[in-house]
Amino acid sequence: MTICGVTELWEGMTAMSDLIERYLATWNASDSATRRALLAEHWAEDARYVDPLVDVAGRDALDATIAAVREQFPGFVFTPVSAADGHHDVTRFQWGLGPDGAEPIVIGFDVVTTGADGRITTVVGFLDRVPGAASDAAAGGAAGRVPAAASGA
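Counting from 1, one number per residue, gives the positions in the sequence shown under this note's numbering.
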C-alpha cells in the first residue's frame with residue numbers, strides 16, 4: 001500500500017536532483033564540444049539565462065557565457081550547496097563556485113524552469129555571496145553590484 005503522493009514526491013525529488021546534476025555538468029564542462037552536447041541534450045534551443053550580470057538566450061549565447069565564466073575561473077567547479085526543491089516545472093537550489101575540493105568562494109541561488117520535454121527553458125539566477133561585493137557597496141559602489149566574473153550557474 002502506498003501513502004497518497006509519497007511515490008510521486010519521491011519521483012519528483014529524484015527528477016529535480018537529476019536536473020540539477022545535468023545543469024551543473026553543463027556549467028562545469030571545460031571544453032566546448034562537451035558543453036554544446038549537454039546544451040543540445042538538456043536545454044531548449046531558445047533557453048534563457050538571466051542573473052544580475054547577464055541576460056542571454058539561445059544555446060550559442062549560453063555556450064559563450066559559460067565559456068567566459070570557465071575562462072575567468074580556471075580550476076573552479078560548480079557544486080550544489082542545498083538540496084533541490086520545487087514543484088511542477090520549477091526547481092530552485094543553491095550552488096557554490098570554488099576550487100575543486102575546497103569551500104565555494106561564490107554562492108548563488110538559481111530557479112530553473114523546464115518545458116514539457118524536460119529541457120531547461122529558463123534560469124533566473126541570484127548571487128548570494130560574492131567576495132568584495134559588500135565592501136564595494138560600503139565604499140559607495142552600487143548596491144548589489146558584483147564583479148562580472150562572478151556570473152554563473
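Simulated from the structure, these hints should not be mistaken for lab results. Since the structure is predicted, the reported quantities are computational estimates derived from the model, not experimental observations. Treat each hint with caution, since some may be false.
Pairwise CB distance ranges (calculated) [claimed, not checked]: (1) D100 with A67: 17 to 25 angstroms; (2) P131 with H88: 13 to 21 angstroms; (3) D128 with A37: 28 to 36 angstroms; (4) A40 with A102: 30 to 38 angstroms; (5) A33 with G132: 17 to 25 angstroms; (6) A116 with G58: 15 to 23 angstroms; (7) E103 with E45: 34 to 42 angstroms; (8) G101 with D46: 34 to 42 angstroms.
Note that CB positions come from ideal geometry on N, CA and C, so glycine has one too.
Status of each hint after checking the structure:
The hinted window of 17 to 25 angstroms between D100 and A67 holds, with their beta carbons roughly 18 angstroms apart. For P131 paired with H88, a C-beta distance near 35 angstroms fails the hint of 13 to 21 angstroms. At about 30 angstroms, the CB distance of D128 to A37 agrees with the hint of 28 to 36 angstroms. The beta-carbon spacing between A40 and A102, approximately 31 angstroms, falls within the hinted interval of 30 to 38 angstroms.
Restraint check, A33 to G132: a C-beta distance of roughly 34 angstroms breaks the suggested window 17 to 25 angstroms. Checked against the given bound of 15 to 23 angstroms, the beta carbons of A116 and G58, roughly 19 angstroms apart, stay inside it. Between E103 and E45 the Cβ separation comes to about 36 angstroms, which falls inside the hinted range of 34 to 42 angstroms. At roughly 36 angstroms, the beta-carbon separation of G101 and D46 lies within the given 34 to 42 angstroms, and the hint holds.
Checked against the numbered hints above, the structure violates hints 2 and 5; every other hint is satisfied.
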